[in-house]
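What follows is each chain in one-letter form.
Number of protein chains: 4
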Amino acid sequence: MKAAVYRSHSKDPRQVVRIEDIDVPKIKSHEVLIKVDAAAYNYNDLWGIWGEPIKIPLPHISGSDVAGTVIEVGDDVSKIRVGDRIVSHPNLTCRVCYQCTSGREYDCSDRLVWGFQTGPLWGGFAQYTHLPEVNVVKLPDSVSFNDAAAISMVGMTAWHMLVTRAGIRPGQTVLIMGGGSGMGIAGIQIAKLFNCDVIATAGNKEKMDKCIKLGADYVVNHREDGWHRKVREITNKLGVDVIFEHIGKTVFPQEVGLLKMGGTLVSTGATTGYDSTIDLRYLFFRGINLLGATQGTKAGLEEVISWVSKGKIKSVIDTVLPFSNMVEGHVKMADSQLFGKVLTTPQRL
Amino acid sequence: MKAAVYRSHSKDPRQVVRIEDIDVPKIKSHEVLIKVDAAAYNYNDLWGIWGEPIKIPLPHISGSDVAGTVIEVGDDVSKIRVGDRIVSHPNLTCRVCYQCTSGREYDCSDRLVWGFQTGPLWGGFAQYTHLPEVNVVKLPDSVSFNDAAAISMVGMTAWHMLVTRAGIRPGQTVLIMGGGSGMGIAGIQIAKLFNCDVIATAGNKEKMDKCIKLGADYVVNHREDGWHRKVREITNKLGVDVIFEHIGKTVFPQEVGLLKMGGTLVSTGATTGYDSTIDLRYLFFRGINLLGATQGTKAGLEEVISWVSKGKIKSVIDTVLPFSNMVEGHVKMADSQLFGKVLTTPQRL
Amino acid sequence: MKAAVYRSHSKDPRQVVRIEDIDVPKIKSHEVLIKVDAAAYNYNDLWGIWGEPIKIPLPHISGSDVAGTVIEVGDDVSKIRVGDRIVSHPNLTCRVCYQCTSGREYDCSDRLVWGFQTGPLWGGFAQYTHLPEVNVVKLPDSVSFNDAAAISMVGMTAWHMLVTRAGIRPGQTVLIMGGGSGMGIAGIQIAKLFNCDVIATAGNKEKMDKCIKLGADYVVNHREDGWHRKVREITNKLGVDVIFEHIGKTVFPQEVGLLKMGGTLVSTGATTGYDSTIDLRYLFFRGINLLGATQGTKAGLEEVISWVSKGKIKSVIDTVLPFSNMVEGHVKMADSQLFGKVLTTPQRL
Amino acid sequence: MKAAVYRSHSKDPRQVVRIEDIDVPKIKSHEVLIKVDAAAYNYNDLWGIWGEPIKIPLPHISGSDVAGTVIEVGDDVSKIRVGDRIVSHPNLTCRVCYQCTSGREYDCSDRLVWGFQTGPLWGGFAQYTHLPEVNVVKLPDSVSFNDAAAISMVGMTAWHMLVTRAGIRPGQTVLIMGGGSGMGIAGIQIAKLFNCDVIATAGNKEKMDKCIKLGADYVVNHREDGWHRKVREITNKLGVDVIFEHIGKTVFPQEVGLLKMGGTLVSTGATTGYDSTIDLRYLFFRGINLLGATQGTKAGLEEVISWVSKGKIKSVIDTVLPFSNMVEGHVKMADSQLFGKVLTTPQRL
Ligand SMILES: [Zn+2]
Ligand SMILES: [Zn+2]
Ligand SMILES: [Zn+2]
Ligand SMILES: [Zn+2]
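Protein sequence lines correspond, in order, to chains A, B, C and D.
According to my numbering, the first sequence is numbered sequentially starting from 1.
According to my numbering, the second sequence is numbered sequentially starting from 1.
According to my numbering, the third sequence is numbered sequentially starting from 1.
According to my numbering, the fourth sequence is numbered sequentially starting from 1.
Any given hint might turn out to be false.
Computed beta-carbon distance windows for the label pairs [what the hints assert, rightly or not]:
no.	chain 1	residue 1	chain 2	residue 2	range
1	A	LYS138	B	GLU206	49 to 59 angstroms
2	D	ILE71	C	PRO322	46 to 56 angstroms
3	A	ARG7	C	LYS310	53 to 63 angstroms
4	D	PRO322	B	GLY257	51 to 61 angstroms
Some, not all, of what chain A presents toward chain D, calculated at C-beta under 10 angstroms [unchecked claim]:
no.	residue
5	ASP107
6	MET261
7	GLY269
8	GLY273
9	ASP279
10	PHE284
Keep in mind that the hints were calculated from the coordinates and are not lab data.
Model, not experiment: these values are computed from the prediction.
The beta carbon of each residue, even a glycine, is placed where N, CA and C say it ideally should be.
With these hints in hand, go ahead and build the complete structure from the sequences.
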């Protein structure tokens with residue numbers, strides 16, 4: 001089969017990622033073999049290619065988001081059948097520890113992001129791949145492979161942040177930072193699904209317009225000074241109930257000051273840097289909640305897919321690349337002009 | 001190996017249960033093979049032998065509670081090693097559905113009680129048995145096989161009822177019905193571990209005394225008329241916060257009347273019958289909660305075993321039978337004079 | 001001022017309810033005086049006039065739902081000003097006990113329904129009335145007095161049942177019994193606000209059609225045999241997540257059998273009778289939750305009013321009566337052909 | 001009556017605080033008049049005398065913690081009677097807003113700390129004072145005035161932090177920073193009441209010993225370099241479940257690194273400074289919770305007093321000063337050698 005493999009690291013994906021012919025993987029008794037129709041890109045893929053900030057197994061196949069058809073099932077697989085259309089759940093955990101058996105797979109100390117931390121040669125940018133049965137979700141006929149691959153990682157993560165962690169409720173004011181990113185696109189739609197008032201931020205006029213089209217009630221340019229004062233004005237100086245944060249140090253201290261008494265910030269990343277400051281007075285005097293999140297649950301992904309099938313969450317796709325040119329997707333990920341996900345189609349070279 | 005097998009049903013266990021020589025079971029890749037040192041009896045075992053109220057696979061080995069040593073592990077077992085001392089978690093579920101992956105294995109529609117609904121020839125009354133890795137919990141050295149087997153099913157179920165479902169908190173008044181049963185013994189101790197005030201009920205003076213020794217603050221004879229009025233008096237007419245119920249129709253209507261406003265009854269059985277009455281005015285006017293529970297979670301069982309190792313929950317063992325005479329254990333289960341669990345030791349004939 | 005007073009009980013409201021001239025009430029320091037523009041009818045009013053099932057103070061003014069303008073405030077009133085447009089919150093509690101100070105005013109042992117259990121001469125069917133500041137909610141300009149009076153009691157109660165008690169979440173299947181009643185009209189809309197799938201029941205074709213117009217996804221005639229089998233079919237035999245119940249013994253046993261594993265029934269009344277049966281096996285084997293509810297919280301009423309102002313919850317008004325003819329409203333309440341609330345206007349005779 | 005009054009600010013309490021004769025206060029209809037037997041000191045008192053970091057009303061009576069006897073009740077007081085022994089609840093809020101009526105009085109935007117932010121001349125260091133009925137808790141006979149005054153503020157705050165906010169559960173590992181302070185003394189005992197494993201920190205050998213006597217399982221000197229490594233060793237490198245924090249910037253960054261995956265830090269102050277740093281990677285990668293808290297609820301204070309009456313929480317009193325010398329209490333508060341609370345007795349000059 002064809003797969004996108006790299007055997008060494010580079011800052012330039014074009015230098016190391018090659019379409020190679022390798023063996024179709026063999027499955028274990030609780031795994032399924034998947035013919036991959038669509039695979040989506042994430043920032044994790046770049047970290048793998050760069051070899052930082054953490055080390056990963058080499059040779060490597062990246063790709064944490066795939067949709068396709070099951071063509072073989074192991075002897076101990078119980079619910080998935082050959083022919084089932086599925087999407088990947090990228091959170092690989094032990095499934096037997098205290099956290100995993102109490103619904104907190106995200107807190108499992110064995111947690112690995114599939115396609116990023118797994119290998120050698122185990123990821124989604126390939127014509128065939130394999131996953132444990134618990135790491136695939138069946139797709140209703142109404143959900144296309146492209147839409148499923150595009151929403152899987154970001155949808156699961158955003159659902160976990162807003163629903164499981166922050167516990168959003170109808171009527172709350174939710175600030176979605178980076179509303180034009182894959183994460184933000186999912187966040188805006190989930191918050192609207194819960195009938196929240198959504199303030200999104202984006203970095204330019206075009207993205208700001210698209211946030212409004214996705215359902216955001218207000219949008220602010222986070223590249224402009226005083227962006228947080230604009231947010232505060234929108235709330236009539238009351239502050240916001242929930243902040244969806246993945247930007248990091250350049251905005252974190254201002255965000256903390258934007259929360260209402262008892263409000264909640266939930267963070268899943270720090271693209272501008274992690275060494276932030278914090279004014280502890282906001283924390284204790286206003287009784288706020290600063291919550292962290294990484295990945296999410298299979299149950300959450302099932303909910304997201306269900307809402308995609310009902311048309312209440314829509315995948316936004318920027319580009320679909322033929323597999324022979326898939327390395328361009330990595331290059332595009334560094335490009336902040338994207339609005340939506342980049343995909344490749346392993347069956348279409 | 002030796003195992004206690006029955007190939008047909010009877011109301012008299014002595015007529016059908018035989019110690020036979022059968023093959024040691026083979027394990028799947030995610031299972032472990034266990035040399036069984038101690039196995040405990042439950043009412044489920046009698047239902048299996050009787051063949052009612054539900055049908056079970058034949059030929060059958062009963063037994064839902066074992067402790068022993070792992071002597072072989074499948075290729076996909078990740079945390080358990082050969083030589084580990086373990087206790088069984090009897091709740092077999094699919095581990096992949098929405099409920100299982102959100103911490104609610106007890107709500108899995110594939111739920112089976114191991115040793116009761118499983119088979120043919122798959123249960124705990126045998127010298128060797130096998131279980132999925134997720135269905136065993138490691139034992140600290142300080143927990144004996146007998147103590148572990150004696151607490152597993154009742155401890156897991158009582159923990160689920162009081163902690164997960166009823167959410168007991170320090171200072172609440174908890175009524176433990178049938179405090180002298182295996183369930184009640186676990187319930188009293190868990191409620192005291194949470195610093196609740198415990199009122200237990202029992203059917204005779206001897207059992208009442210033992211409830212007090214286990215930590216109950218008050219005890220009432222539930223065989224006497226007006227038992228519920230005595231409970232109310234103990235609470236200075238305030239009623240109780242939580243009721244631990246597994247008796248059924250003979251007490252259910254009175255229990256509902258004993259709850260404080262906002263109080264909670266949690267039920268896991270109905271030994272005196274299930275076709276009860278209910279005065280709905282108590283339900284809505286007092287805003288009470290009537291909650292059901294069956295089995296529990298592996299995470300809950302881990303907590304119970306941890307407290308056994310700290311000496312805060314003690315197993316109570318009525319009798320330990322040699323395996324050659326194990327059928328007497330089934331006979332004893334019908335005997336309401338028991339105080340604590342009956343065990344057998346498959347390695348000691 | 002004019003008020004609708006009765007000084008003795010009768011099964012026929014026309015025999016005892018009279019428009020009388022009485023003194024405008026005096027307020028305490030934490031109370032406000034309200035010029036009543038609109039007052040809505042509830043079943044409680046009939047119970048008061050009948051003098052059963054509980055005794056109430058005489059002479060009596062009924063009425064638990066009013067909207068109007070504040071014309072005087074006591075010295076210790078802090079947030080309400082003369083001229084504020086407000087709606088009543090009918091749950092009178094002590095505001096100082098453990099339950100009241102932990103957000104559970106509905107579990108206060110001093111709880112009284114204003115206009116039903118209060119008096120003499122303290123209720124809403126009057127040109128002026130008074131309430132503690134904590135028992136009024138400010139109205140946005142966009143909410144009319146009629147709409148506010150029509151939604152207050154049923155909206156607060158339905159919100160409490162579905163949101164606070166049952167904890168509905170987007171995507172759940174919610175069965176709204178009696179969807180054409182005041183309670184059901186509120187329940188359907190709240191469940192849809194949370195993006196639930198709603199199955200409503202009603203007693204005739206006209207009401208069934210109106211349930212669909214209100215947003216119900218499915219509707220079943222609960223007067224027909226096998227109504228519960230139709231509900232089950234709609235769910236593809238899966239059962240429902242949440243049941244909104246206020247009918248009582250004629251449907252309760254069937255409802256219990258309709259719940260999914262882990263599902264929740266929340267009950268607030270029993271118009272067909274309270275002495276029901278229950279099969280305890282459904283309770284424990286399926287791990288369901290049977291929850292009671294009476295009244296609700298001021299915080300919940302604030303949320304309801306906020307959604308009315310946004311147009312997401314709409315009051316449904318059957319009839320508006322001039323005050324001189326207000327006794328006809330009591331007569332209408334016995335009439336199950338109503339769809340929506342009956343109101344009277346004390347300022348318009 | 002005698003009261004400790006200051007009419008201007010000073011860094012030296014002896015320069016401004018005087019015992020003066022002033023009028024006994026008059027009560028409003030929902031208030032009670034209290035003859036103060038015991039009053040305890042808090043850091044807030046010093047901030048008031050200094051006039052920073054926030055401005056307070058002058059002339060001022062400090063004191064946020066009193067116990068005594070009710071000698072008069074207003075007309076609208078419903079549960080408290082003349083002669084009742086009571087302790088103050090220092091969290092003054094509006095009692096009518098959304099937060100107050102949903103159990104979150106600590107998030108009320110009108111929240112004031114009684115004796116600190118109130119006045120002129122309204123605080124606890126006086127022979128008589130007044131409070132709303134909702135701001136006093138009845139004392140069982142078994143609780144002395146001194147013990148009640150000593151536990152009120154710190155007990156309520158620590159309960160709120162650990163129970164309401166962090167949601168501690170039996171078996172968790174809880175790190176109590178500053179275990180020898182008033183806050184820490186309450187924190188250790190509450191965590192032990194919940195059967196947690198407690199690691200306390202203190203600044204010298206004597207206080208460390210006292211922490212162990214109070215029930216801490218382990219103690220670490222937080223004045224020594226590498227204190228956090230010692231904590232981690234105690235946990236076998238696993239980290240802690242919950243951190244009770246009120247120290248601030250000198251320890252906050254290390255604390256964040258000590259939490260287990262999914263662990264919780266709850267903060268209520270920053271005596272060493274509030275401008276801290278934070279490594280956001282710990283926040284999102286480990287999915288931790290950083291929660292703030294200020295004050296607490298009356299319901300929480302009731303629970304604390306109940307546990308004091310059962311002997312499960314003990315007040316620790318360092319010094320009791322005659323009222324004529326009460327200014328020495330302010331001086332002592334700056335003295336970190338205290339172990340326990342300082343009290344004065346307004347009725348004993
Ligand atoms: Zn795990
Ligand atoms: Zn399952
Ligand atoms: Zn109350
Ligand atoms: Zn407030």
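To see whether the hints hold, each was checked on the structure:
1. The hinted range of 49 to 59 angstroms is satisfied by A:LYS138 and B:GLU206, whose Cβ atoms lie roughly 56 angstroms apart.
2. Between D:ILE71 and C:PRO322 the beta carbon distance is about 53 angstroms. The supplied range of 46 to 56 angstroms therefore holds.
3. For the pair A:ARG7 and C:LYS310, the supplied restraint of 53 to 63 angstroms holds, since their beta-carbon distance comes to about 57 angstroms.
4. Hint check: D:PRO322 to B:GLY257, Cβ distance near 55 angstroms, so the stated range 51 to 61 angstroms holds.
5. The interface hint given for A:ASP107 is met, as the beta carbon of that residue sits about 4 angstroms from the closest beta carbon of chain D, less than 10 angstroms.
6. The closest approach between the C-beta of A:MET261 and any C-beta of chain D is roughly 4 angstroms, which is under the 10 angstroms cut-off, so the hint is satisfied.
7. For A:GLY269, the interface hint holds, since its Cβ comes within 10 angstroms of a Cβ in chain D; the closest pair sits about 6 angstroms apart.
8. Checking A:GLY273 against chain D by beta carbon gives a least distance of about 8 angstroms; that is within 10 angstroms, so the hint holds.
9. Interface restraint check: A:ASP279 against chain D, minimum CB-CB distance 6 angstroms, threshold 10 angstroms, status holds.
10. A hinted interface residue such as A:PHE284 counts as satisfied when its beta carbon comes closer than 10 angstroms to some beta carbon of chain D; here the least separation is about 4 angstroms, so the hint holds.
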